[in-house]
Amino acid sequence: MADLTKKHEPFVRVAKRTQVSTKKSVLLQISAFVLAIIAGGLFILLLGENPLEAYKHIIEGAFVGSVRNPLSSVQATVVRFIPLLIASLALVPAFKMKFWNIGAEGQIIMGGVFSTYFALFHSDWPHAILLIVMILAGAVGGAFWALIPTIFKIKFNTNETLFTLMLNYIALYIVRYLEAGPWQRTKGYASIGSIDDNARLPEVFGVHIGWIIALVLMVLMFFYISKTKQGYEISVVGESQPTARYAGMSVGKIVLRTMIISGAIAGLAGALQVAGIDHTLSGGIAGGVGFTAIVVAWLGKLNPFYIAGISFLFSILAKGSSTMQTQLGLSASVADVVQGIILFCVIAFEFFINYKLIFKKKEG
Amino acid sequence: MKALRKILAIVMALALVFSLAACSGNSNDDETTTAAPVGTTPIAKDAIKVGVLHITSIKDTSGYTFAHHQGIVAMKNALGLRDDQVIEKDEIPDSDAPAVKAALDELVNAGCNIIFGTSFNYMDPMDEYAKKYPDVIFSHGTGYKSNDVNFNNYFGRIYQARYLSGIAAGMKAKEINNPNLGYVAAMDVTNSEVTGGINAFALGVQSVYPEAVVKVSVTGSWADEKAEATASKALVDAGCGVLAQHCDSSVPQTTAADNKIFGCGYNSDMTAQAPTAHICAPIWHWDVYYTTAVKEVIDGKWTPTNYFGGLNEGFIDVSPINEAVAAKGTKEAVEAAKAKIMSGELVVFAKGMTKADGTVVDHDLTDAEITGEINYYIKGVELLK
Chain Z
129 MADLTKKHEP FVRVAKRTQV STKKSVLLQI SAFVLAIIAG GLFILLLGEN PLEAYKHIIE
189 GAFVGSVRNP LSSVQATVVR FIPLLIASLA LVPAFKMKFW NIGAEGQIIM GGVFSTYFAL
249 FHSDWPHAIL LIVMILAGAV GGAFWALIPT IFKIKFNTNE TLFTLMLNYI ALYIVRYLEA
309 GPWQRTKGYA SIGSIDDNAR LPEVFGVHIG WIIALVLMVL MFFYISKTKQ GYEISVVGES
369 QPTARYAGMS VGKIVLRTMI ISGAIAGLAG ALQVAGIDHT LSGGIAGGVG FTAIVVAWLG
429 KLNPFYIAGI SFLFSILAKG SSTMQTQLGL SASVADVVQG IILFCVIAFE FFINYKLIFK
489 KKEG
Chain A
1468 MKALRKILAI VMALALVFSL AACSGNSNDD ETTTAAPVGT TPIAKDAIKV GVLHITSIKD
1528 TSGYTFAHHQ GIVAMKNALG LRDDQVIEKD EIPDSDAPAV KAALDELVNA GCNIIFGTSF
1588 NYMDPMDEYA KKYPDVIFSH GTGYKSNDVN FNNYFGRIYQ ARYLSGIAAG MKAKEINNPN
1648 LGYVAAMDVT NSEVTGGINA FALGVQSVYP EAVVKVSVTG SWADEKAEAT ASKALVDAGC
1708 GVLAQHCDSS VPQTTAADNK IFGCGYNSDM TAQAPTAHIC APIWHWDVYY TTAVKEVIDG
1768 KWTPTNYFGG LNEGFIDVSP INEAVAAKGT KEAVEAAKAK IMSGELVVFA KGMTKADGTV
1828 VDHDLTDAEI TGEINYYIKG VELLK
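Quick mapping for you: the protein sequence lines, in order, are chains Z and A.
Residue 129 is where the first sequence starts when you use the numbering used here, and the numbers rise one by one after that.
Residue 1468 is where the second sequence starts when you use the numbering used here, and the numbers rise one by one after that.
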């Protein structure tokens, strides 16, 4: 028998690392980051630009403000940070439960749609009430959008990954429909137009107050996941549904509840985008944040504080690479490619943190 | 139920934070300045900075953004500005409000004195930013909003050139003895800019080929090459012999070439893209406006007035007639009509024009009507079914 297995042993095989020392894990993560920077730099070099200069532009673009407003770049970075952090937090309970919610993008959009309704048709309400209603409506919209695939999952055991993914596109086309149809502002132009000043969020330190909400959510989510009974139930369901059932938990109920929370938080991000920065509803409301959030949540190991850090790094990269692209006069897609390369390297290295390659030992 | 209570608790906590912040939030928007109106203080030529927002790539080789970019480059050369004095943000979809605002932020913070936005839906963000940054000039093409401080609007009488291209198209249609012409339209009949353009084109066609019919296929987007290809193909299948267009790319012209029919492009001379099909295109000389506007800012003579130039200002024109394709005598006919329009002898949207529903327009259209109220096709224009 032993002989047989040896014969069929492939040249390389992949094995899960049983235990990774923290030191080794950190070391691997640092080398992933360095490698990512080098790979991004190679691409920039291929375009005939100096990578060091490019990275300088990225950092400057994310932090160094203008004479007019020394905080301008930091503020713009934070504006990108808010929806990314909130959307990533939204995925934490779902992923913890191993419910693959790939639909944060659509849930953000539907949150935006629901809150825009109040901004457009009830802009005469008192400021604070209108804003609170808009934010709640956003949460309801996101929860509603998350509920659809969840109910199908519970009732018919449909594949939630595909279902949530497809709903993203439906949400986007609902916006397109509203733009060109019932909510069209000017005939002949597909646009909803600006919402009333009354429906816009106030700013603190030059950024809409969404950043405070995001940070509060981060703390709340940490406690919810690690300190509450519900958070524990989520982990149990995620680890093993039979165990959860055996322990007397109502799995369906827990899944439903968790996805409502997940969708509501993503929807909240949409409402904050509408009221805080976009001041309209457009197809760009989520702008891929719902997808980036998947990566962020994963890299952050579903820990809200790690996630916040990683969200911030991504925001720096997003804001900075846009500036870099303009400064160097490169094509607009270069910024996306550089981001993509860096992301790819980081994720690829994630693999080596969790798995190891075992090469076939030489005979004898 | 317990879950619900917990969610409610989270929501309440949020609401509390939110209302606290709302109370203390409005502290940083009180910039009261008593400076001279923006644009009235001269700026040294080597200190001025110009920002531009484009909808597609400045590396395009034809079409809308290409034409604007050419205009910006010509302005830069004419005024002798350095490369780093002109910042062009391209590929900013105008249906993506956050992307537009992020780009505007970048331009404002890069120190731009004047920012041009070339696509319609940049209008609201530019309006908002004009209020936020009263010392920066915002100049928006194709829209209708402006203010009397630092936000103006620029557009042109492109319908004059469309009429002229209609003459060229009509003569070709007559030559090949096919009364069906096609028109790829970005927006539907409710859009005055597009519909006015179609009508002007049809009037030009009918002036040389009265029984001709212009069939319209709508894409629903200013820049969507796939939709433009579908619409072009549908018009070809409907038997059209000449394709005109109001959309950003040269796809209708290359489709015409592929199907061995003819066409009139838009925005830039598309003869290079479709040498066997393209006759001539209504084109913009955006540099005429860009150079004027930036020069005014340098000289401190800028005023928040809207710009609506035409053939007379050299702001619009038809591209050179492609003699290899055009019907005999096209150049002479177009030149003659152009002279008449420039002298005022020929009015494009004149009294007596018959709408598709049979009613007759009883006055020459005013500029306000031309820019905002042409929401009907004229007789001889029909939507492709």
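In short, the hints are calculated from the structure, not lab data.
Treat the hints with care, since some could be wrong.
Said to hold, decoys possible - The list that follows gives simulated cross-link-like pairs (lysine-lysine, DSSO-like), each with its CA atoms no further than 30 Å apart: (1) K315/Z - K1818/A; (2) K144/Z - K224/Z; (3) K1700/A - K1599/A; (4) K224/Z - K357/Z; (5) K1641/A - K1516/A; (6) K1846/A - K315/Z; (7) K1543/A - K315/Z; (8) K1512/A - K315/Z; (9) K1762/A - K315/Z; (10) K1846/A - K184/Z; (11) K151/Z - K355/Z; (12) K184/Z - K1762/A; (13) K1852/A - K184/Z; (14) K1512/A - K1641/A; (15) K488/Z - K144/Z; (16) K1598/A - K1762/A; (17) K1852/A - K1612/A; (18) K1768/A - K315/Z; (19) K315/Z - K1641/A; (20) K184/Z - K1612/A; (21) K1700/A - K1543/A; (22) K1598/A - K315/Z.
Said to hold, decoys possible - Covered stretches of chain Z, going by a simulated chain A footprint (3 or more residues, C-beta under 8 Å): (23) 237–248; (24) 282–292; (25) 398–408; (26) 412–426; (27) 452–461.
Ideal placement from N, C-alpha and C gives every residue a C-beta, glycine not left out.
Hints violated by the structure (listed by number, smallest first)
Numbers 3, 5, 7, 8, 9, 10, 12, 13, 14, 17, 18, 19, 20, 21, 23 and 24 - these are the hints that the structure violates, sorted from lowest upward.
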